[in-house]
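Q: One letter stands for each residue in the lines below.
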Amino acid sequence: MNRVTLRFWIGVCLAWLGVAGADAAEKDVQFARDIQPLLAKHCLLCHGPDDSEGGLQLHTREGALAELDSGARAIVPGKTDHSELLSRVVSDDPFVRMPPEGEPLSSKEVAVLRAWIENGAAWQVHWAYRPLEKVAPPQVANSQAVRSEIDNFVVAKLEQENIAPSPEADRATLIKRLYYDLIGLPPEPEVVDVFVGDPSEEAYEKLVDRLLASPHFGERWGRHWLDKARYADSDGYEKDNHRPDAWRYRDWVINAINSDLPYDQFTMEQLAGDMLPEATPEQRLATAFHRQTLTNTEGGTDQEQWRVAAVMDRTETVGTVWLGLSVGCARCHTHKYDEISHREYYQLYAYFNNGDEVNTTVPQSSRLDPATVERIAEVRSALDARREELATTINDWLPQLQKQAKAASDAEAAYHPLAVGNIHGPEGVTFTPQEDGSYLVGGANPANAKYTIEATASVEPITGIRVDVLPDDALPAGGPGRAKNGNFVLNEIRLFAAARPKWNAADMRPLVAATADFSQASWPVAGAIDGVEGAGSQGTGWAISPEFGKPHHATFGLDRPLENGETHLQIVLSQTYGGEHTIGRFRVSAVTGKVPGGGLPDDVQQLVLAETRDAAATLRLVRWYQSRDTKSQELENELQSLQPTPSGKSMSVRVIAQRSSKPRSTHILQRGEFTQPLEEVTTGTLATLPPIMARAGKTATDRLDLARWLVDGNNPLVPRVTANHVWKHLFGEGIVPTMNDFGVRGDPPSHPRLLDHLAARLIDDGWSRKALIKYIVMSATYRQSSRHRPELLDVDPTNRLLHRQNRFRVEAEIIRDLSLAAGGLLSPNIGGPSVFPPIPPGVTDLTYNSSFKWNPSQGEDRYRRGMYTYFKRTAPHPNLITFDCPDSNVTNVERDRSNTPIGALVTLNNQSFVEAAQGMAQHVLMQSALTTDDAKLRYALRRCIARVPSDQELADFSKLLNQSRAWYENEPDAASQLIGYRPAKGIAPVENAAWIATLRIMLNLDEFITRE
Amino acid sequence: MNPFQNAFHRTRREFLTTTASGLGAMALGSMLTDDGVLRADDAVEAPSAVRQPHLEAPAKACIFIFMAGAPSQLDLFDPKPKLNELDRQKLPKSILEKARFAFIKPDTATLLGSPRKFTKHGECGMEFSDWLPHLGSVADDLLMVRSLHSEEFNHHPGQLMMQCGVSRFGMPTMGSWLNYGLGSESKNLPGYIVLTAGRGSSGGATLYQSGFLPSSYGGVLFRNQGEPVLNLTNPTGLPPELQRAGLDALKTANQRRYQEIHDPEIASRIASYELANRMQTAAPELIDLSQESQETLDMYGVGRPEPKKTWRGSLGHLKTYDTFARNCLLARRMVERGVRFINIIHASWDQHSDLDFNLFHNAECVDQPIAALIRDLKQRGMLDSTMVVWGSEFGRTPLGENRPGRAANTGRDHHPFAYTMLLAGGGLKGGLTYGSTDEIGWHVEENPVHINDLHATMLRQFGLDHLKLTYRFQGRDFRLTDVGGRVVQDWIA
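Line order of the protein sequences matches chains Y and A. Counting in our numbering, the first sequence runs from 2 upward without gaps. Counting in our numbering, the second sequence runs from 593 upward without gaps.
Keep in mind that the hints were calculated from the coordinates and are not lab data. Glycine included, every Cβ here is placed at the ideal spot set by N, Cα and C. Be careful, since some hints might not be right.
As the list claims (entries may be wrong) - Derived DSSO-like pairs (lysine-lysine); straight-line CA-CA distance at most 27 Å: (1) K697/A to K685/A; (2) K80/Y to K109/Y; (3) K551/Y to K451/Y; (4) K551/Y to K595/Y; (5) K960/Y to K843/A; (6) K109/Y to K1060/A; (7) K854/Y to K911/A; (8) K854/Y to K901/A; (9) K42/Y to K1060/A.
Stated by the list, open to error - Which bits of chain Y does chain A cover? Going by a derived footprint, with three or more residues having C-beta under 8 Å, they are: (10) 337-347; (11) 784-797; (12) 884-893; (13) 896-909; (14) 955-962.
From just these sequences and the hints, can you work out the full model?
A: This is the structure:
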């Protein structure tokens, strides 16, 4: 074939491919991907939820297909000729063409529209409103690149584009990345060395676990949440008064994140903690989330105006933070693009309209001293080590569990009467044995009672205890209880077992599962083993109303069978309800064989009996086993004792509480004006999302129902939005890039199935954020190198496909934390009142009437982490604002990452950063093991960038060091000035100053303030 | 997506989107291309890069003189003989019933006439009270708008309304919008600078925020004491030559990393440091007035004596007279150096009481420097390309303030329904008095101008169509004029 012919054939083939490609694209039109964004872009402003010009609304299929004012129809499925929409978008007549202003639709857009109508104009709900989709992860060709299912989703997409994922980052980068992402601090060179020296998978996981357990994790991720909470230490607006208690909520957040309070609980406590049954002071404190709104105390204000403004802010913040929707657009009119009506806005608003700001008293959070913080980290590592030990010795302990699980699942339950030795009850209460082995209770009838039964079993192994309660004519209403109506409440049953007829506290055996033939509504039998007693409705327990006069029984399963001669039992039946709600006739028996829960929790039983287990399943099993391991238990106990103990002092905190008298009615406000109420509305959510249910016994839904509705697992937006937030903090960009807009105008997810996978996983893991974070950071996708790949600039310019990790500058607070940490100055203290690090003169003059005075903190408080810096809304610390810390006036779910000369001046010249350099010089010059310049420079650099620097890099800094020495040689006074109050002991001032001048530049390295 | 936003949407050129605080874009581009770290075609899209406006237009820079607190238009610009006649009488019921007040007790409130003498100035015969003789002398260059109105009744929301076009938090201010729309022409200075004199304002830092626009469009505060820009000065004991040596070492290290990682953000960081270093020289040069003639300094009133008795706006040590005069002169020097938007904030105009004493000193403080600024700009041929705006968040009531606990009516309350602002230059008509109020100055009678209209017209003079200068945030295309705005064609020369 000659060259011309070849070219001809290539041309023909390309032409054919081009046609086929276009054809395929149009046949494959997907409403959500191709049509909806197009309608949102060009049409919905005038033909959407808020406006229906010409009678046309294009946000629902019904509206799109309806007859228009003109009699025509915009869309007739399958009939392009009859579809007015098509003829209008292609018209040349400027009076006819749509859209009337702006660019006409491109020919490609028209072709897609045409194909869609031809194929029947199928409609889909906007992706974000659809239920979570559980799909199996796609297969990938390169299984080497897969560590978890996350990677399947990512690699499959990359393979479609013929892109290989990036290799794993080197170990030094990985440890620096994990430190920055999880605790926001730099790893010390010694720690890096250990990690680099152990390339095992276990070392990586151990590191992840250790960082997740660090108390600094709560600071790092708590600060992310505080952005959303618009947390600040002052009121805002003109007067911007001091809020002396604001920090207490900040500490609540840190603790909640550290203890991994599940996100559903975290949500409910912050939005409606005051309405939870038996709300604790801490739960009331959590509602300060919505007390972070601004307070306007300017003279002459109409307080109702600013109360309304705060309620609007609460409504809109919930929209942004949980739903990812700009509900604020519906404040004045129905949303132009998303299905949020003007009415629905005020229905949401109604949930918050009766939550008022009040003061409540909570225990002061006490600060942990550094030694304790250190010990906590040690104990946590010991717990990790113990878990690893258990994991490696799994073959030693698993067979026993398997035996137990198998026995429990195979053998039918059998019940064996106990030989009762002794029964005690309250003074005057008698126990008369009956022929069937039961006891009839008589004599005194106290309000409460505790029965202690000592008995011996004749069988082994015992898997549980059965309690029969029996009717008797001698009892009120025929029993089986001694209350007037025949009821009783068994608040708690406790079992002690030993090989001798003597018991102490250590002999208590956990009862882990309970079933009964019948339980009274609200008094389920599980309440008898939950550790809660209490009087009246304060307590939990088992009761049987209205099934009086009949026999009932309950069976309680042990967590593991009683063996090795543990046949001496002591059973305590605690009945604390009051009003003579005690048991009138009962029998206790030992159970062998199958008991409820099989003695093991169901999921554990499955794990134990599974033929194969993947790594995650093994980990779950080991974790469970660890929960009953004595050695781990001791460590856990120590950990508990290391938590800050309440100081005994309390403080007043401003929170939200439901208005108890004269509840306000809610009205739609015309254009959002508080002076222009329209018709009244009641509470309600968005029609486009799953319905909200009121709690039992109530007709209208309230704020607590709203909170539950967000996190009940049916609301598809909340888990998606939340998983996207977590992802964003670990990749720098969200899977949905528009963090604050999951509506039709937002960008669609780059990996929709991955997003749903993560969202479902979050729910499945009991809304544990730590579990989700761990799952993500264990993936190969997360561990990729962040090196840019210029060859992919045209294929994947913004790395939407995740062909590498992202590289991004850390946040304002973290920049300073890193410098102070490298300089050895950072205080590890957690929590407490906000602090006042140095601020340039004049900044606070700009506050109202120049009224605010900033008295710089001294001592350790000068070097606390950035998140503890006092935040004055009208005069925030410039170091924070320069690096894009949000202004705290409205919620923020995405910080900017500016890169400005003003920022460069901060890290070069600001006092805090100069002090960090001084501290670092002290620290480096006092390392007696480092004898040469190079050794010192290498060590210093590694404190900043973790990795081992090249000789060339050392040479560059060495040059700067020598230049500095030469200069200070002639300027000893300047040397003393630069050293300030932080001289390195025993070092000549010239030498000391030269080092400060050099180290200061290291603290400015892009690599240092960038998470790579 | 609109072409403006498109230029810095998060694309592979993201690094440039976040670069250089309105600082010399072209410089950045050329430096990076010179260094070979960047392809030439990438370098044009810095956020501060000079962009073509929508239309041809005269204005290039704006000096906004913000009289936070709200000056009394009735004692400065809008004479009301009828009000003087009705002095100490009750307000007509028709007005009283619908009105809102901050401190006034409406049932006993009485009108308060003005003791000021008004005279006509210039060929145009524009009226000023006797407290503004200097402004009167440039009347033929001024556009006086007597029919401004706003919805906001309290200071902070009102100030947000004036700066952002909407009184909500999180919105960009005018200066941010202008820099976003046009870029910056300064190589060594920020494109948006804020100067203050006297005490702080109600709005604090929110009055020069960038809102949802990238923070590089936020205003940079120049200060009256210490260094003009925060952290501009090297650490004590660190000489310029070691700063340079350090920056060279830093540049080498960062470039090395760039060669390894290829992240353009590193190139951007290098540029930021270089520009910061240049600013260390440029900013002190800017505020050094030693090159200005004595005649110029005197014209502005630099070094004027402070009044002997302190008034509400002067907190003694703040030297407000001198600082305000300097700020006006600095604004001219900034415009000469390519700064796009300068906001001079002076916050002491909230005269609920002692109006005669306090307003006199405020007027005396600002009258001469502003007149000098306009004269100076005109002499240098800069007035047509520089728009000067003088105004506040709202005006003051024709009623005297009878707040409980105050013996006499000596001040006025907030009044958003009708008030006065001044504009000059930027292709606007001089010598024009626009709009009017009713006989007691309560409502606008003729040619009402909403703050959104003011902004629309200002943008128009910079060649920007207020309907097209938009930014997509939370799915909505926001603009400075929110959902309103109308260009006042009558103002355009």
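Q: I'd like to know which numbered hints this structure contradicts. Please list them from smallest to largest.
A: Structure breaks no hint.
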